[in-house]
Amino acid sequence: MLPRRTKPSLCSGWQIVFLLFWSASALWAVAPAAAPGHGTNVFSPASTPAKSIKDLSVFVLVITGIIFLVVFVLLVYSVVKFRGREADAGREPPQVYGSTQIELAWTIIPTLIVVVLFLATARVIHAIQDAPEPAGAMEVTVIGHQYWWEFRYPKLGIVTANELHIPVSDRDHPTPTFLQLLSADTDHSFWVPELAGKTDLIPNHPNRMWLDPQSTGVFVGQCAQYCGIQHAKMLLRVSVDRPEEFAAWIQAQQKPAVEDAAAIAGRRVFERNACMNCHAVGGTSADGRFGPDLTHLMSRATIAAGAAQNTPDNLRLWIQNPSAIKPGSLMPAMHLSDADLDAVVSYMETLH
Amino acid sequence: MSSNAITVPVGQTEARPWVDQLHQWLATVDHKRMGILYIVSALLFLAVGGVEALIIRIQLMHSHNNFVSPEVFNQMFTMHGTTMIFFVAMPVLFGFANYLVPLMIGARDMAFPRLNAFSFWLSFLGALLLYFSFFGGSGLYGAGSAPDVGWWSYAPLGARAFAPGHSSDYWTLALLVSGFGSIGTAINIIATILCLRCPGMKLNRMPLLVWMNLVMAGMVLLAITPLSAAQIMLLIDRYLGGHFFDTQAGGSAVLWMHFFWIFGHPEVYVLIIPCFAFMSEIIPVFSRKPIFGYPVMVAATVCIAFVSMSVWAHHMFTIGMNSYANSFFTLTTMAVGIPTGIKIFNWIGTMWGGRIQFKTPMLFSIAFLFQFLIAGLTGIMMAASPFDWQLSLSYFVVAHFHYVIVGGILFALFAAFYYWYPKMTGRMLSESLGKWHFWLFLIGFHLTFDVMHVPGILGMPRRIYTYEPSRGWDTLNFIISVGAFIQALAILVFVANLIVSYFKGDKAGNDPWDAWTLEWSISSPPAPYNFAMVPTVASRRPLWDEKHPEDPDSRYE
Chain A
1 MLPRRTKPSL CSGWQIVFLL FWSASALWAV APAAAPGHGT NVFSPASTPA
51 KSIKDLSVFV LVITGIIFLV VFVLLVYSVV KFRGREADAG REPPQVYGST
101 QIELAWTIIP TLIVVVLFLA TARVIHAIQD APEPAGAMEV TVIGHQYWWE
151 FRYPKLGIVT ANELHIPVSD RDHPTPTFLQ LLSADTDHSF WVPELAGKTD
201 LIPNHPNRMW LDPQSTGVFV GQCAQYCGIQ HAKMLLRVSV DRPEEFAAWI
251 QAQQKPAVED AAAIAGRRVF ERNACMNCHA VGGTSADGRF GPDLTHLMSR
301 ATIAAGAAQN TPDNLRLWIQ NPSAIKPGSL MPAMHLSDAD LDAVVSYMET
351 LH
Chain B
1 MSSNAITVPV GQTEARPWVD QLHQWLATVD HKRMGILYIV SALLFLAVGG
51 VEALIIRIQL MHSHNNFVSP EVFNQMFTMH GTTMIFFVAM PVLFGFANYL
101 VPLMIGARDM AFPRLNAFSF WLSFLGALLL YFSFFGGSGL YGAGSAPDVG
151 WWSYAPLGAR AFAPGHSSDY WTLALLVSGF GSIGTAINII ATILCLRCPG
201 MKLNRMPLLV WMNLVMAGMV LLAITPLSAA QIMLLIDRYL GGHFFDTQAG
251 GSAVLWMHFF WIFGHPEVYV LIIPCFAFMS EIIPVFSRKP IFGYPVMVAA
301 TVCIAFVSMS VWAHHMFTIG MNSYANSFFT LTTMAVGIPT GIKIFNWIGT
351 MWGGRIQFKT PMLFSIAFLF QFLIAGLTGI MMAASPFDWQ LSLSYFVVAH
401 FHYVIVGGIL FALFAAFYYW YPKMTGRMLS ESLGKWHFWL FLIGFHLTFD
451 VMHVPGILGM PRRIYTYEPS RGWDTLNFII SVGAFIQALA ILVFVANLIV
501 SYFKGDKAGN DPWDAWTLEW SISSPPAPYN FAMVPTVASR RPLWDEKHPE
551 DPDSRYE
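Line order of the protein sequences matches chains A and B.
So the first sequence is numbered by my numbering: it starts at 1 and just counts up by one.
So the second sequence is numbered by my numbering: it starts at 1 and just counts up by one.
None of these hints come from the bench; they were simulated from the model.
Some hints could be false.
Cut-off 25 Å, straight-line C-alpha distance, at most; resulting in silico cross-link-like pairs (SDA-like, lysine to any residue) [as the list claims (entries may be wrong)]: (1) B:K547 to A:E92; (2) A:K155 to A:R289; (3) A:K81 to B:W352; (4) B:K202 to B:D553; (5) B:K547 to A:K155; (6) B:K435 to A:Y97; (7) A:K81 to B:D20; (8) B:K435 to A:K255; (9) B:K435 to A:R152; (10) B:K202 to B:L221; (11) A:K81 to B:W439; (12) A:K255 to A:R242; (13) B:K435 to B:W152; (14) B:K547 to A:G90; (15) A:K255 to A:R152; (16) A:K155 to A:Q214; (17) B:K547 to A:R83; (18) B:K202 to A:Y97; (19) A:K51 to A:K155; (20) A:K51 to B:L43; (21) B:K507 to A:G90; (22) B:K435 to A:A89; (23) B:K202 to A:R242; (24) B:K435 to B:A488; (25) B:K202 to A:S99; (26) B:K547 to B:V534; (27) B:K547 to A:Q95; (28) A:K51 to B:V534; (29) A:K255 to A:R272; (30) A:K51 to B:G472.
Between the sequences and the hints, there should be enough to build the whole structure, so can you do that?
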């Protein structure tokens, strides 16, 4: 019998725990990302699907928060109020077996809550999933590969990788982007938290999702479905451009690769080795499709699906030994001589 | 029940040579020894799975950490999940069911003692097979050995093209073999409960623990069979040229998901219902009141079992099901919350007006109620499928299901250990070490798993071996890892308590908790065949009737 000693510490323990959990979740629910640029906080949405999800989430959080408070108070009250006391030792409390009315009450009230939550949820499911594609929508095919993303713009004839460019969809120019999601190998999942919820890329199972970002800038995310050894470094960048920026980007991407006579040695190395079996460079004989399209490599800020910044040093390291940046990447080390390596890196640097 | 029906049989005390004792343990078909074998093997693998979790947490302590390679990390989370579900949680619960069900229904053993031993050894050898992969397999990338396809082994990652070598075959075979063991045990539990109840033990007088284990065993039959079927199909794919899940030849990755989760979700309830069972025995005894609303508790359990068979695709909200399917599984998943809520209310109703004794089993039980409440509410959040499109596959989900499995199942198990250890060994576990264990584990648990929700909300996916410093997840992950080590420390206290108390604990006597079910009517530990004379019961609390002849339960039921 030690209720007296245990009781106070028990209560303060619960209070700490309670405060910890609820304040943490409340804090992150209310405060949007303070960092400059766009983060990966599901509670600072910048696109309609993510916004409707956030509104639903806040509603669900409030309801579950209220349920939590009610049950928590009941629990703490019964623990404190009905603790055993020394004086009662040896005597049993009244034996109560149940109460039909009370049990009915706590069956019916939760049922009503479930109905409300379900209706609110079903509305959002329908609004997001069954949204019709407007005539002016941008269409992009996203193909998941082991540890990188391929983006194809079928109507524009553009193929690029890892950094998706889409137009901003503000009130003056509503241009939502509809993504067709495919996979070349295992399952992946497209997740840019501030733009939309995630949708999986599954082989033989085409999926669809849409975004209409209302602010410009780079949004980050990454593959969310375990896809193999380098799942962690299958990062994703979505650049939301102003209409004129986007038009310029399209124009640049539609051109074949720049032909720079100074880099001809590097191009020879590229075409003589296995590089061209996996990589394409528009306008040349290199048309491999296993790896990212390199026609406009220099227009991208990162290499290796976001694992490294696109700098000459990183490029050199990546070509020399991909495992140094991304162990398990499917790109093999080609064991080039230093001279060849320099030449091929110079060639890459001409691919604007 | 007449008093001479529960006379204490004389236990065997003479010392035997250790080879003889070992042989007795290996060849035993006694349900109590089988139960202890299950529990001890599960504790062994709890330690192994725990070390794997610590390796994961060290690796994630800060961004771009190089504690282990990506291959090893992927093996660790695959082995951690597989081990904890199949070779810790299920065996330990089967162990308690094995030990307690016959005692509580006044039976002398399980219905099929030899099937019982066969099932245990199948499960145990399944576990050894899984761990043999460290020596015998070659991994996904030819680089390692243990399976590294995740504990769901989603198609086509488990196909030969992506998982060459044999490591994922060890995973497949281990689950297949131990699955047969689980089915055998489930059949045994059902047969025992339906056929071996003592006179007077009508279905509506069975202790709730027995009821809930009956439901759990029924669910095992329905859940494990599709998993076993899927494993056989996977083997056909891998070795006989089948194309069930082989997407490169037109197979369906989604089919595997359905098979896996139609096992995987009921499995959660297979694990949590026996924990509800522990709560339904322990909370009344330490509140000194009968369970509040016995018939509703039984009905809610059966209801959970039925509804939980139709919620599996809530694990698949992100795979692109249409809006009708997503709505349906949202509704069914939220609906499970109703009977589950009823249970929480009934446990609080049991405490209400009682005289609560804060012994260690009760401390763990109260923590269970609190944590299971939160786990249920985060479950409701994810049942809202659009919310799940954000939270699924993120650390929020990892936090949620660890809240269920650690905050719910493991806390309930600790309560059960402290409550029934005296019956199993004849010695009390130390209360002071128990309090250390409780508070340390509580702090570690909340440090780890409360905080873990946040990186999920901030966009951190699960199963990544490293992350970018620019994402801002460093501090949170550091706190999570610190909590993991505090939990490990608490587990060491627990193990120390188990060992020290076995030799030096206070003598327990028949009925240390002044409890009401039949197992407390006989000696601790019970003699072989349990009951010298088969007891007769007249109510749900036979020992209450005996202790309070002036006010027996049998008068009200």
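Quick rundown of the hints versus the structure:
Distance hint between K547 of chain B and E92 of chain A is fulfilled; the C-alpha atoms sit about 11 Å from each other, no more than 25 Å. This hinted pair checks out: K155 of chain A and R289 of chain A have alpha carbons roughly 19 Å apart, not beyond 25 Å. About 8 Å separates the Cα atoms of K81 of chain A and W352 of chain B, which keeps this hinted pair within 25 Å; it holds. Distance check on the hinted pair: K202 of chain B and D553 of chain B sit about 14 Å apart at the alpha-carbon level, within 25 Å; holds.
For the proposed pair K547 of chain B and K155 of chain A, the alpha carbon gap of about 84 Å is over 25 Å, so the pair is violated. Between the alpha carbons of K435 of chain B and Y97 of chain A the distance comes to roughly 31 Å, so the proposed pair goes past 25 Å and is violated. Using a Cα cut-off of 25 Å, the hinted pair K81 of chain A and D20 of chain B is violated, with the two alpha carbons roughly 54 Å apart. Distance check on the hinted pair: K435 of chain B and K255 of chain A sit about 71 Å apart at the alpha-carbon level, beyond 25 Å; violated.
Between K435 of chain B and R152 of chain A the alpha-carbon distance is near 61 Å, which puts this suggested pair outside the 25 Å criterion. A distance of roughly 24 Å separates the Cα atoms of K202 of chain B and L221 of chain B; the hinted pair therefore holds under the 25 Å criterion. This hinted pair checks out: K81 of chain A and W439 of chain B have alpha carbons roughly 22 Å apart, not beyond 25 Å. With a C-alpha separation of about 21 Å, the suggested pair K255 of chain A and R242 of chain A falls inside the 25 Å cut-off, and the hint holds.
Distance restraint check for K435 of chain B and W152 of chain B: the Cα-Cα separation of roughly 37 Å exceeds the 25 Å cut-off, and the hinted pair is therefore not satisfied. Note on K547 of chain B and G90 of chain A: the hinted pairing holds, with a Cα-Cα distance of about 12 Å set against a maximum of 25 Å. The hinted pair formed by K255 of chain A and R152 of chain A meets the criterion: a straight-line CA distance of about 15 Å does not exceed 25 Å. A hinted pair counts as satisfied when its Cα atoms are at most 25 Å apart, and K155 of chain A with Q214 of chain A qualifies at roughly 23 Å.
Of the supplied pair hints, the one linking K547 of chain B and R83 of chain A holds, its CA atoms being roughly 23 Å apart against a limit of 25 Å. A C-alpha spacing of about 18 Å is found between K202 of chain B and Y97 of chain A, which places the hinted pair at or below 25 Å, so the restraint holds. Annotation: proposed proximity of K51 of chain A to K155 of chain A is violated, straight-line Cα distance about 28 Å (limit 25 Å). This hinted pair does not check out: K51 of chain A and L43 of chain B have alpha carbons roughly 46 Å apart, beyond 25 Å.
For the proposed pair K507 of chain B and G90 of chain A, the alpha carbon gap of about 21 Å is at most 25 Å, so the pair holds. Of the supplied pair hints, the one linking K435 of chain B and A89 of chain A holds, its CA atoms being roughly 22 Å apart against a limit of 25 Å. This hinted pair does not check out: K202 of chain B and R242 of chain A have alpha carbons roughly 74 Å apart, beyond 25 Å. With a C-alpha separation of about 15 Å, the suggested pair K435 of chain B and A488 of chain B falls inside the 25 Å cut-off, and the hint holds.
Distance hint between K202 of chain B and S99 of chain A is fulfilled; the C-alpha atoms sit about 22 Å from each other, no more than 25 Å. Restraint check: the Cα-Cα separation between K547 of chain B and V534 of chain B comes to about 19 Å, which is no more than 25 Å; the hinted pair holds. Restraint check for K547 of chain B and Q95 of chain A: satisfied, since their Cα atoms lie roughly 14 Å apart, inside the 25 Å limit. Distance hint between K51 of chain A and V534 of chain B is unfulfilled; the C-alpha atoms sit about 65 Å from each other, more than 25 Å.
Proposed proximity of K255 of chain A and R272 of chain A is supported: the alpha carbons are some 24 Å apart, at most 25 Å. Restraint check: the Cα-Cα separation between K51 of chain A and G472 of chain B comes to about 22 Å, which is no more than 25 Å; the hinted pair holds.
Violated hints, in rising order: 5, 6, 7, 8, 9, 13, 19, 20, 23 and 28; the structure is consistent with all others.
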